[in-house]
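Protein chains: 2
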Amino acid sequence: MLSNIRIILINTFHPGNIGSAARAMKTMGLSDLCLVTPQRYPDPDADAMAAGAMDVLTNARIFSSLDEAIADCSLVIGTSARSRNSTSNRPMLEADASAEALLKESVNCPVALVFGQETMGLTNEELEKCHFHACIDANPDYPVLNVASAIQILCYELRKASVHFSRTTIQPQAQPQADSYPLQEELERFYQHLEQTLTDIDFIIQQHPGKVMKRLRRLFNRARPESKELNMLRGILSSAQKASGVKGNTND
Amino acid sequence: MLSNIRIILINTFHPGNIGSAARAMKTMGLSDLCLVTPQRYPDPDADAMAAGAMDVLTNARIFSSLDEAIADCSLVIGTSARSRNSTSNRPMLEADASAEALLKESVNCPVALVFGQETMGLTNEELEKCHFHACIDANPDYPVLNVASAIQILCYELRKASVHFSRTTIQPQAQPQADSYPLQEELERFYQHLEQTLTDIDFIIQQHPGKVMKRLRRLFNRARPESKELNMLRGILSSAQKASGVKGNTND
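Taken in order, these protein sequences are the chains called A and B. Everything in the first sequence is counted per our numbering, starting at 116 for the first residue and increasing by one. Everything in the second sequence is counted per our numbering, starting at 116 for the first residue and increasing by one.
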């Protein structure tokens, strides 16, 4: 449950980042923001960056230590810039695996995702308190994500984990209107009209008609014309027939 | 190849977002930033937000139109805030599916991911030029991602896709042929040829040409014609022109 997932910012230096965090959280459906010893808060810069997420910002809870902020959590994951090659023997999780772990556990109990101070990140002492370290895979030559960006990516992965994410293309066919697509017989009349027109304008002659029509059918099947579009195409065919001196034949 | 994936920002209002885009790109291993009519650039705010990604920022290319920026691209994906429930019948892809599609195609040819102006997003005219629309799943009550956040998420998904592909064996036959899809400029010549032909056969006359062409662009973008298919369509147009007494004009 996203409502059981707590985002904790420790010792944040720029209040703008607190506002950006609130906005990033709300866009992904999270709401529980906790601030440990923020250096400037409340602050107009935070309000400005929060934009439409002022509710998340104003409901943020302030704590004087990480211990207090995570006291009631069963799982705590700290974000770390340390590369997976680091000598640290603590369990590192990719961003998506971290999100999965937090989401599973959040069904039963509050869980926390912790972000350190902008330049320093989490201290070793703070990392000791985390069950896992979340690591966002980044360009080894410049892995320096802005803290707001890191928060946005992890909140995005949390949302992905929370909705059963479909990796398939969302095709318009998924929700077709009752009358928006032509019946197969209308489609067939269109193909007859198309073949007739291609013959009238002498395109189908030197080539094997079957092959041309097969390729055109494949093309139009991919496009899946709507009824309105099919009518427009029929109109174009009739115009081409008229222009070629043949009486426009709509095959109806 | 991440190096073949172009990030295009159109008409950006806040130069800080251009800098943030450069930083987001570099952290995820992208480098090809293109700016279409930025409102303030270069600008110290852009430099400040770019942080360690000044190289990406200073190498950014400026264009006066989207057409120029995507002329040599075989796949163009536009980002859209439109929900999946929108009545738009254009193919929407989730962020990760968009990244996969761009990465696969980038092996053969430059591809582009396009972001619109901060408040307005991409115009309908700009969206017409895109094969797919990338949609970041977000909180329906507040889906308002900052443009820098949207760029960070999509660059993150592009990196994830590139790591995934480098791990999995890519079958050569699974890859489209280098010449299987037309470049955007070839597609634009086709649309010019189509509009000219529709005028020659007197189809475009009683109707508003812009609307007809807009509907045809949408139809053909959904079909995404291959180069062979586009050549066949060009041949049909020339035949229709000849039949209507106009000398076939291939616009080349």
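Careful: at least some of the hints might be erroneous.
Said to hold, decoys possible - With a straight-line Cα cutoff of 30 angstroms, these simulated DSS-like cross-link-like pairs (lysine-lysine) come out:
1) A:K244 to A:K219
2) A:K357 to A:K343
3) B:K329 to A:K326
4) B:K275 to A:K329
For the record, the hints were derived by calculation from the structure and aren't laboratory data.
> Within a Cα-Cα threshold of 30 angstroms, do K244 of chain A and K219 of chain A meet the stated pairing?
Replying inline: holds (20 angstroms)
> Taking only the CA atoms, is the gap from K357 of chain A to K343 of chain A under or equal to 30 angstroms?
Replying inline: holds (21 angstroms)
> Has the given pair, K275 of chain B with K329 of chain A, been kept, meaning a C-alpha gap of at most 30 angstroms?
Replying inline: violated (38 angstroms)
> Given the hint that K329 of chain B pairs with K326 of chain A, does the C-alpha gap stay at or below 30 angstroms?
Replying inline: holds (29 angstroms)
Checked against the numbered hints above, the structure breaks only hint 4 and satisfies the rest.
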